[in-house]
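Both chains are sitting in their own frames, so use the hints and assemble them into the complex.
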Amino acid sequence: MIATALIRPLQATAAQAPHITLYLDGQPLRVPANANLAAALMTHGLRAFRHNPAGGAPRAPYCMMGACFECLVEVDGIPNTQSCLTRVRDGMRVRTSTWPTDTASPQAIGLTGIVE
Amino acid sequence: MNMPHPSDHSATSGHSGHQTGQAPTAPTHHAERRDTPANASHLDVVVIGAGPAGMQAAIAAAAHGLRVRLLDDQPEPGGQIYRAITRTDAMRSAILGPDYGDGAAMARTFAQCGADYWGDTAVWQITRERQVHVLRHGASHVLSADHIVLATGAMERPFPIPGWTLPGVMTAGAAQILLKSEGAVPAHPAVLAGCGPLLYLLAWQYLQAGIPIQAIVQTTPAGNLARALRHLPALAAGWADLKKGLSLIRALKQRKVPIHRHATDLHITGDACATGLQFTAGGKRILLESPLILLHQGVVPNNQATWALRARHDWNALQHAWVPATDDCGALDVPGFYLAGDGAGIVGASTAALQGRLAGLAIARDSAQARAGGQADGRTGDQADNLTEGRAIARTSNRPDGQTRSGNNPGAAALDADIRQLQQRIRKQRAFRRFLDALYEPAGDTRIPADDTIVCRCENVTAGDIRLQLRNGSTDPNQVKSFTRCGMGPCQGRQCGLTVTELIASHHGVPESSVGYYRLRPPLRPITLAELASEQDAAVGTAQPQATVSAAAKEVIPPAQAAQADHAAQTAQKAHAAPDCRVALAVHTQPGTAQPAGQPRHV
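Read top to bottom, the protein sequences are chains A and B.
Here the first sequence is numbered in the numbering used here, starting from 129 and rising by one per residue.
Here the second sequence is numbered in the numbering used here, starting from 761 and rising by one per residue.
Next comes chain B alone, as it looks inside the complex (with noise of 0.2 Å):
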């Protein structure tokens, strides 16, 4: 496909493309405000979420004058950390705390800065070629990009225990989502179980907001904290934030909260419903009534994307997760993606906020020295290359003595230290995560489950399902989940994922980076059989023939099946199915059936 180069932006609303040959003059903040139009459908950058890592992103690239659309699935900015705080009030805002409403003046910033923001907006695909494909209001768009950064943040890290699926069984980051977003409390004294600085900061949360905690199960074991000691020297640059979490627990301590220290053996009893919370804690089986229990133990990276598009991911094992390998402004081994937030690895809001402006600043770098160096060195065809190379000038002109290759443009060596002075910051704060990481590494019992516990949810395999299929010779993801459809249900593996490589590498006693993960594929979200078929252009106008599919055709495609729909799709087109026939997709194969998956059926 050929990739048009920056320069090369026509007007859709009047505005002026670049000049070419012109790097970002200095101050950047000087910069011309060019806002985004919102019907442009090629952009010269992407981003995707809006946590604070996404919003900086956008608001750095925006500020140098680039061509910035924003993408989320929720209606308004503020990712999960700062959800609803563009609608937040002055009661919830205290009970949330501080650092909630730091999301404020951020959100207030972004919506500013003149970049396009599209919310309810689901990403269901995204090319290495950066093109992305969203579904907004019932209908499927096609974007392009020059670049695109990924801030998609993180998710909880699945919490196998026995009952662990019964209603009533939800994660704290759940909770603290219903509080911050509908202001919903629990109606019962809440149990919260596990480890991680999450779990006391919501129950500081409820505190605040005088609900009553019937007690607190900590999973942490009990090593944790002198191996956490070993990373001491890193304290200093997060004393503030020890402090702070510090005094959260001593607050809860003064309410007298119950707190169960190195709980073991946690079951979620109940048949229809969870009834409570049994554990073993101090010697003892101990056994909570509630039919609400609150689960978490740490987030990891939301890695949807980047396993999609085939990046090299490498295995943290102190965090115990899948990490996108990336360089030092967090650019991405695919040409043209960078990755910012807790995404890239649990960093934190803070850090997610100056990674985002990296990313941000990087891109605007990447831009000047493209439209600068590209043209005159001859370079053509793939945008892809002119990236590469842009990238790989900007590395060599980061040189420490303060050297840069444009060293006469004072813009650009603003642009430079900017850089450099993030990533220093960043380096220092991502030195004190690695003490909480040790010391609030999850237990292994919480993360490796026993035969009977449910692994995936989606399709109810147990870990002795697959145990069993390990003990037949499977030794990756990709075979389980072909053995016993472990990781082909709707959620994609997002809540079984870490939990069979774990298993996996456990059982072989081999490394986690020799086991990998499943394979997956786009849609990373469901899609309709009508949306698929009814993708357009995002620019007005340019819709595609529509497929005469009626709207009796609702068919929701779970990822598994994607190649096959998209298939199904064109096939219905060419078809000119009568509008009155129902085009129905079989979205369950099972074995032995003669019927595959996929195969448009006229109903």
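Chain A with its partners taken away, still in its complex shape (with noise of 0.2 Å):
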């Protein structure tokens, strides 16, 4: 869900910096090059990047330095990609939360039923 950005650029100037444009399931977004992609995202107002596999609550990014694997996104159809290791390149598609919508059986990917 896109809110109001947990964080913004420290400084004014940044918005004159080079862009490159990406996009974020399917919509363009103009982001600074070479960014941060997780920081990316975040200065964009991307609240939940996935849901957790195990019972679906919404989750982001929590390091910022890949020991959470939290910031899990689909990147030019790489899936679990961790986007705070990932730096943005002009026309890359990033795709959020396809998981577990566009998989097999519900019992496989544990939907069903809670596990004690």
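The hints are simulated quantities; they were obtained by calculation from the structure and are not laboratory data.
Given the structure is predicted, the values throughout are model-derived calculations rather than measurements.
Do not take every clue at face value.
As the list claims (entries may be wrong) - Between beta-carbon pairs, the in silico distance windows are:
| # | chain 1 | residue 1 | chain 2 | residue 2 | range |
| --- | --- | --- | --- | --- | --- |
| 1 | A | Thr141 | B | Pro1018 | 29 to 35 Å |
| 2 | A | Thr141 | B | Ser1273 | 49 to 55 Å |
| 3 | B | Arg1010 | A | Ala145 | 34 to 40 Å |
| 4 | A | Ala140 | B | Arg1010 | 29 to 35 Å |
| 5 | B | Arg1281 | A | Arg215 | 37 to 43 Å |
| 6 | A | His147 | B | Pro1018 | 34 to 40 Å |
| 7 | B | Gly898 | A | Thr132 | 35 to 41 Å |
| 8 | A | Gly184 | B | Arg1281 | 24 to 30 Å |
| 9 | B | Gly879 | A | Ala145 | 50 to 56 Å |
A virtual CB, placed ideally from N, CA and C, is assigned to each residue, including glycine.
Shown next, in the form of structure tokens:
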């Protein structure tokens, strides 16, 4: 969900730096060239990056250093990419929350029945 | 596997190999600098991590003519503490403070030292025989090394409180990375909660940047200062650091930043995302509204590599963390491995730099002695034996009376002296560290959570789920993992491992050292099937035959399914899968399903 962003650029001059276009769930987004992908998405206002496979709760970046695996998004077709370890590229296609809605049986993905 | 002797280095780019039988010439910085070729697949030294420890280890080893490659998962050197130092600007530098600026000179020295730097490189497996498997630019490569320095640093201690998994909750370290690397700051008045110097440093940095702070919520228990003062004699060593810390806190008070002390029962409010932080302090229940809450209760060593190597770890009761066992040069109990920096026990940047240099010099000494003594004594075969012998020789040469075994070699004597001096400085700095550890010892209720709190973020396992298994007879983290999947997710226990060890110890009333930790297996970082199948020697032109796995085979393999993935990759190669045939890997096993994870399925 897009809401008021949690973070913002420190400098007002950030708007004048070179920008590129990436696609977030199909929508074009202008972000600073070479920006950290997770940071760029958060600056844009993205809150939930994905849903936890065990239970479906919304999740977002926590550690920003590759240790928590909460910032996972699909980048250019590769799922489960850590956005905090990814730099943006012009034309990059980012998809959020694609899992578990696009895979096989509910049993396989643990949506039916709670494991006690 | 037949490991080459250091003198066997073949020239892949015209550089001459080491001369057998010669010790490094003295003084060490006059040794001929030899740039490490970027395409070499065997190195004298592989350093993992580009923070102060890693950079200094590389600099020291390269200065002794060793071929060094430094592997870094970031795009530029600096680690976390000096993250983005090579491209920071004056404004950011001023906000971050002088300690950050120190990293710039170190990064420049590293860039010029002759070591080869591989950035954007994820190390996914390290073997005890010193093979290093890395993922770089979409392909997997194998390197081998005579010595490996693990300088992978620290990570944030988990902060399991109700609601900590909600979007909008991040660590103070994450906030600092956003500031250093992206020049990004909170859009609303910041709420910082927990304990430890980083919390105050971040608050001070935000004030420098003009960012309002809603409040600092300190969870430091009431008795800590009194307990810390028992380490008072050690204070003399760290007086400068202490003054720095006190002036930070004074600055915060001067700016009238609200500080709530001895807070307990922390709870993040919100359903779909964080809306605030609730806690008890001064006898009152307080709610601070904020969509962003920054948590921090210290850092702990990042031990993924050392656990996967089956190295010995000891429980540090003051730091509440596992620390790999090392000797006085930082050598691990696995031959050829050295540890330096926070990964060997939290010591801070300045001590990390000293430990890095110590590891680099110890390796230089090992190498020199292996060259000088190894062949003469008729030692053959396993390089690991040579290195163990070399280290034993090094220790006996490090005698307090100043006598060295290689006393007639001035170069070796200078090296020994350098090493002894470093060890002395490190000992002094670590003594002061005990005061900080005691002062900032995190509270029990933010380390060992109540039943309704999530412990394993990846698999959504609560403390109550774990305690159920403990009541049913489980006694160690691997049993708990089997029954609950706690620790089986992609983070591989980084966010839950310490909590589980402490929870089990506390529940059963046994020491943490007897509880142990998860049994970790590679990959240490996720790797796709296609990347795995493409693994080739790092030397150009010696690629293994590519598996005919189609580009659609992009299933990411979480660490728990590693062994099956490896098998699957080999099976796919042997089965000569048709190019348009998608080889899929079942990545989630559910109890009761007939299909075991890891069998390649032609879809």
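Okay, the hints, checked on the actual structure:
{"no.": "1", "hint": "A/Thr141 <-> B/Pro1018: 29 to 35 Å", "verdict": "holds (31 Å)"}
{"no.": "2", "hint": "A/Thr141 <-> B/Ser1273: 49 to 55 Å", "verdict": "holds (53 Å)"}
{"no.": "3", "hint": "B/Arg1010 <-> A/Ala145: 34 to 40 Å", "verdict": "holds (36 Å)"}
{"no.": "4", "hint": "A/Ala140 <-> B/Arg1010: 29 to 35 Å", "verdict": "holds (31 Å)"}
{"no.": "5", "hint": "B/Arg1281 <-> A/Arg215: 37 to 43 Å", "verdict": "violated (29 Å)"}
{"no.": "6", "hint": "A/His147 <-> B/Pro1018: 34 to 40 Å", "verdict": "holds (38 Å)"}
{"no.": "7", "hint": "B/Gly898 <-> A/Thr132: 35 to 41 Å", "verdict": "holds (36 Å)"}
{"no.": "8", "hint": "A/Gly184 <-> B/Arg1281: 24 to 30 Å", "verdict": "holds (28 Å)"}
{"no.": "9", "hint": "B/Gly879 <-> A/Ala145: 50 to 56 Å", "verdict": "violated (22 Å)"}
When held up to the earlier numbered hints, the structure conflicts with 5 and 9 and fits the remainder.
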